[in-house]
Amino acid sequence: MLVKRYHVQVFAFLMTLTKHRQDAEDLTQETFLRAWDKFHRYDPSLPLLPWLFTLARRLSIAALRRKKPLPEDIYESPSSEPTNAARHLWELARRELPPESYSALWLHYREELPLKEVATILGKREGAVKVILHRARKALAERARVSSPLAHPPPLPEPQGTMP
Amino acid sequence: MKHDDDHNEIGAMLRSHKPEPAVPAGLEARILRELDRRQRTAPSRRWVWFVAPVAFAAVVVVMSSLQAPKPAEGTPETVSNPVRPDSTPEEDKGSAIVEANPLKRESVALTRDARRAGRFLIDCLPSAGK
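Chains as they are written, first to last, in this note's numbering: chain A, 1 to 164; chain B, 1 to 130.
Bear in mind the hints are in silico, worked out from the structure with no lab data behind them. Since the structure is predicted, the reported quantities are computational estimates derived from the model, not experimental observations. Please note that a few of the clues may not be correct.
What the hints assert, rightly or not - When the alpha-carbon atoms are kept at most 25 Å apart in a straight line, the in silico DSS-like pairs for lysine-lysine are as follows:
#: 1; chain 1: A; residue 1: K38; chain 2: A; residue 2: K4
#: 2; chain 1: A; residue 1: K138; chain 2: A; residue 2: K38
#: 3; chain 1: A; residue 1: K124; chain 2: A; residue 2: K19
#: 4; chain 1: B; residue 1: K18; chain 2: A; residue 2: K116
#: 5; chain 1: A; residue 1: K124; chain 2: A; residue 2: K138
#: 6; chain 1: A; residue 1: K38; chain 2: A; residue 2: K124
#: 7; chain 1: B; residue 1: K18; chain 2: A; residue 2: K4
#: 8; chain 1: A; residue 1: K130; chain 2: B; residue 2: K18
#: 9; chain 1: B; residue 1: K104; chain 2: A; residue 2: K19
#: 10; chain 1: A; residue 1: K138; chain 2: A; residue 2: K19
#: 11; chain 1: A; residue 1: K38; chain 2: A; residue 2: K130
#: 12; chain 1: A; residue 1: K116; chain 2: A; residue 2: K138
#: 13; chain 1: A; residue 1: K130; chain 2: A; residue 2: K116
#: 14; chain 1: B; residue 1: K104; chain 2: A; residue 2: K138
#: 15; chain 1: A; residue 1: K4; chain 2: A; residue 2: K19
So here's chain B without its partners, still in its complex pose (with noise of 0.2 Å):
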C-alpha cells in the first residue's frame, strides 16, 4: 500500500542523513572539570573507611580492659611474715600478721590451736624423771 511504502521511506530517508548536533563548547571541559571535583573529594571518604575499623577495635580492646575481672578480695594486702614451727603463741599474737584471706587466716587459727594443744598435752604428761 502506498502509505506503507511511505513509511518505509521514511526510515529509509532518516537513516540516510544523520544529524550532527550542535554540542557547546566547553561542555566535555566542564564535566571532565566536575568529575575532578569529585574524584578528588573521594579519597577522603575513603580514608575513613580504612581509620573507621581500627578505632573501633582500639575501643573495644581498652572498654574490655577496663572491665576485666579486679583481683580477688582474699590475695594478701601485706606480706605476711613465715610462722616458724617452734613460735609460742605470744609470738604470733605479736607478730603483725594480718590476713585478708580468709582460708588462710582459718589455716593460721588452726595451726595456732593445734600447737596450743599439743603443748597442753605434753604439760599433763607426767615429767620424766621426776
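So that you can see chain A by itself, here it is in the shape it has in the complex (with noise of 0.2 Å):
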C-alpha cells in the first residue's frame, strides 16, 4: 500500500537529486527497503511522505560518495518546444539549477511542502531554504528572460542623430 501510493513520488524526488534514472530507480527500492526495516522508528503523528523524502535524501547522499555521478539523463531534447511557459520554466529548472536548488522548488512548488517541512528534508534550517528558493527563483526569471526573448523583447535601440 504504501509503495503504490508514494513511490511515484519518491521516484521523482530523487530524479531532482540524481538526475539519472537509473539511480533514482535503485534508490526508490533501497528508500522502500530501508522504510521497511526502520518502521518502527517512525512517529504516526507526523506524514508520511516527507519522512520517506528524507530517508531517500540520505540515500542519494550515500550512494554519491560512494560511486561517480554518471552523466544526466535527458528527458527531451532540447529543440522540443514546451507548451506552455510554466512547462518550459520546469525545464530550465531540471537543466539549469544544481540539484539542491531544484529539489527545494520541487518539494515546494510541486508537493506543495510547508517551509518548515522541505527544510526537514533538506537537513537545512528554515531561513536557508527561503534563500534557496528565493535565489532559485531569481536564476530561473534570469534564464527565461535570457531564453524567451519574445515574452521580454529587447529595448528599442536609441534613436542616431544629435538634437539641435
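With the hints in hand, could you dock these two chains into one complex?
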C-alpha cells in the first residue's frame, strides 16, 4: 500500500537529486526497503511522505559518495518546444539549477510542502531554504528572460542623431 | 520592484503546472518483489529470538545440576548392622562394620568402651552367694 501510493513521488524526488533514471530507480527501491526496516522509528503523528523523502535524500547522498556520478539523463531533446511557460520553467530548472535548488523547488512548488518540512527533508534551516528558493526563482527568471526573447522583447535602440 | 514581481510570478507559474514524472514501468512490482523477499527471510530471524532464551535456560539448568554438591563424605557407604545391646565385643569385632562417617565411628567406639568398662566393673564385684 505504501509503495503503491508513494513510489511515484519518491522516484520523482530522487530524479531531482540524481538526475539519472537508473540511480533514481535503485534508490527508490532502497528507500522503501529502508522504510520497511526502520518503520518502528516512524512517528505516526507526522506525515509519511516527508519521512520517505528524508530517507531518500540520505540514501542519495550516501550513494553519490560511493560512486562517481553518471552523466545526466535527458528527458526531452532540447529542441522540443514546451507547450507553456510553466513547463518551460520546470525544464529550465531541471537543466540549469543545481540538485539542491531543484529539489527545494520540487518539494515546495510541486509537492506543496511547507518550508519547515522542506528544511527538515533537506537537512537545513528554514531560513536557508528561503534563500535557496529565492535564488532559484531569481535564476529561473533571468534564464527565462534570456531564453524567451519574445516574452521580453529587447529594448528599442536609441534614435541616432543629435538634437539641435 | 519589477524583479520581485518576476520572482513571485515564477513561483506562481511553477505552481500552475505540476509536471508528472515518467516512472519506469515495473518499478512498483520490483519494489514489492524485493520487500516480499525480505519479509520471507525476516521470520527466520525472529524464530531465533524465541528459541535462544529457552536454549539458554536449558543450558543454565544443566550446568547447575552438574555443579550440584556431591553427597557428604561421612555418609555410610554400606548398611551397618544394627548393634544389639547385649552384643559382646567379639561379636562387635566380628561384625563387618565399616563406618565411613567419623562421628558414627566415634560413637560406636565409645559405646564399645562403655560396655567393656561396665563388664569389667561387674567382674570386679564380689560374686553374690559365694
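Kindly indicate which numbered hints from before are broken by the structure, ordering the numbers from low to high. Of the numbered hints, 2, 9, 11, 14 do not hold.
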